[in-house]
Amino acid sequence: MRVRPFEDVVAEHGATVLRVCRAVVGPVDAEDAWSETFLSALRAYPALSADANVEAWLVTIAHRRALDVGRARTRRAIPVETPPDRPSGRADPAACYPDLWAALRRLPDKQRLAVAYHHIAGLPFAEIAELLGNSPDAARRAAADGIKTLRKLYPEDETA
Amino acid sequence: MSTNLFDELQADDETLARLHHRLERDAATDNLLDVAYRTVDSPVGTLLLAATTAGLVRVAYDIEDHDAVLMTLAGSVSPRVLRAPARLDGVVRQLDEYFGKRRTTFDVPVDLRLAQGFRRSVIDHLRGIDYGRRESYAAVAAAVGNPRAVRAVGSACAHNPLPVVIPCHRVVRSDGSAGQYVGGPAAKSALLTLEAA
Numbered sequence: 010m011r012v013r014p015f016e017d018v019v020a021e022h023g024a025t026v027l028r029v030c031r032a033v034v035g036p037v038d039a040e041d042a043w044s045e046t047f048l049s050a051l052r053a054y055p056a057l058s059a060d061a062n063v064e065a066w067l068v069t070i071a072h073r074r075a076l077d078v079g080r081a082r083t084r085r086a087i088p089v090e091t092p093p094d095r096p097s098g099r100a101d102p103a104a105c106y107p108d109l110w111a112a113l114r115r116l117p118d119k120q121r122l123a124v125a126y127h128h129i130a131g132l133p134f135a136e137i138a139e140l141l142g143n144s145p146d147a148a149r150r151a152a153a154d155g156i157k158t159l160r161k162l163y164p165e166d167e168t169a
Numbered sequence: 003m004s005t006n007l008f009d010e011l012q013a014d015d016e017t018l019a020r021l022h023h024r025l026e027r028d029a030a031t032d033n034l035l036d037v038a039y040r041t042v043d044s045p046v047g048t049l050l051l052a053a054t055t056a057g058l059v060r061v062a063y064d065i066e067d068h069d070a071v072l073m074t075l076a077g078s079v080s081p082r083v084l085r086a087p088a089r090l091d092g093v094v095r096q097l098d099e100y101f102g103k104r105r106t107t108f109d110v111p112v113d114l115r116l117a118q119g120f121r122r123s124v125i126d127h128l129r130g131i132d133y134g135r136r137e138s139y140a141a142v143a144a145a146v147g148n149p150r151a152v153r154a155v156g157s158a159c160a161h162n163p164l165p166v167v168i169p170c171h172r173v174v175r176s177d178g179s180a181g182q183y184v185g186g187p188a189a190k191s192a193l194l195t196l197e198a199a
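Those sequence lines, one after another, are chains Y and S.
Here the numbering used here is used: the first residue of the first sequence is 10, the next is one more, and so on.
Here the numbering used here is used: the first residue of the second sequence is 3, the next is one more, and so on.
So here's chain S without its partners, still in its complex pose (with noise of 0.2 Å):
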């Protein structure tokens, strides 16, 4: 009944969009775009980027499940998430630059709040793995001072906040196979053999 009577008001997709647009505009002006993110298509799959208004905080692969990614950084960083492409602008360039091989290094600001601890330190070294080289587990183990806790640098790893910006995928088994990779497998070897050509 009622609602026929009602139905002139429904709202189009294109005025929603506008709003949307114009909320994103006046959270960042008053500082209430706590997160921000959008996805973006790669030969990796879809990836999903967030950032705070420090810097990137999370990168994430389709099988993470993006919708449980924004959960948890909604829990973790603020519930105050927005789908807010601005933002991520520079990032994205980079990345369309590094899977074109225009690029070697990202020169992005990043939050790695979401690394504490040991997964930290590993997370700081892997950031000086150069483009095209391999590290093993054993090794990185090494380097961060803890030869023994090869286990753990793979966890670190697999817990990467920002996989493909912050080369965990550079990390690879002693025996010079791949190994696990927080994207799968495929994704893995992908960025590998992106580098490598």
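Here chain Y stands alone, though its shape is the one from the complex (with noise of 0.2 Å):
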């Protein structure tokens, strides 16, 4: 297998990632999460396996920086921003997205990467437990009892 240029590869998980990150870190931190999973994945790839799955491999990156920003702003200790009203309707993502990081960030640490990595990333849960140090059958029910809890905290516009 030939050795794709690393552009395709943001381009193709470029999305994905931002997604995973906020999911983890919330919106504040996430822009640097993915800064520093992009910068970390760019300095290994060359190494990285032709038959690798890029983006499992690029999971696991980010559940590591994320932890690293994660640690950053404990230290630092900023103030919790104060979340914009949430407008009606869906037309401004950036605006409404708030409400579901102040649920996501109300589970547990492992429910909230569980259901981040499978639902938003696809990754299968034996890999997941890897990344969690626990068993696949425990990363499959933190996501679902993740998923419950979300369902309760930001109840779905059924219309949408």
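Treat the hints as calculated values from the structure; they're not laboratory data.
Be aware that a few hints might be false.
Claimed, not checked - Residues on chain Y that point at chain S, a partial pick, calculated with CB under 7 Å:
(1) R11
(2) V12
(3) G23
(4) R31
(5) L48
(6) W66
(7) I129
(8) P164
As the list claims (entries may be wrong) - Simulated pairs of lysine to any residue, SDA-like, Cα-Cα distance not exceeding 25 Å:
(9) Y/K157 - S/D9
(10) Y/K157 - S/Q12
(11) S/K103 - S/V184
(12) Y/K157 - S/F8
(13) Y/K119 - Y/D60
We treat Cβ as the ideally placed atom computed from N, Cα and C, and that holds for glycine.
Join the two chains into one complex using the hints; note that each chain is given alone, in its own frame.
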């Protein structure tokens, strides 16, 4: 298999990784986490084996970078931003988004990560278990519990 | 089901463009931008321009298939390939001046690692053929010390990694006709006409 230019990796996975970062560290830190993820990935890319699952590899890097970003934020102890009022409709996702994050941030870490890695990145539970340091069954339960809680905290607009 | 739930995390193009730009800058700062590329529109079609930290490493015509060229660069130079226009700013400006007849020579750093051996000696010779002049394949073969290697000179021209900038279009047949060209015959005659006007 031939090596693809790194630009293809960014084009194909950039959007998904940003959604994962937003779900894992929230809107304020997501862009830093994304940037650090892709810079680390670029550094390591020549050593990646040609048959690797690129998305799983990126999520693994994002997982580590997100932990770093989270730690840095705890140390800086920045005051919590005031979420804007939720406008009607979904015309402006950026404005709606803090509500979903408000719900996500209330999940236990393992649930939030399992939800992000499975339902956004599409990783199998075996790989999620490796990242979370638990079993595939535990990862599956964490994701299911997370989704259940999210649906309570963040009732979906059924007309959407 | 859960796809809808996360719709609001959807990345918009503007955010992704901003993040990409930041990645280009960070990669250059950390010395990880092994190959930077961009495309530019020109009178001879869209050109792909790619540069290493050493200099311009590839110019490619549309008909060479830009995706295929980038794939080849990823294999032969480095897979750390990013669309990062900043490194190509100088080349773009000089191409613009060249096509606007305000420039007759290119003064940009070049990286000739993709031309080796005999092909490299041909490329080195081509750099000395002045604007508006023409030389035959046979004359180039003689100049590089191998008068019988006329076909090999044609092949070296066809594999010129930096067409337009290194003027393989100035090499023509002994009978005066333009001959073949990596960018196609129309592009060759367009460049020869531009320089003759």
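Check each numbered hint from earlier against the structure, then list the numbers of those it violates in ascending order. Structure breaks hints 6, 8, 13.
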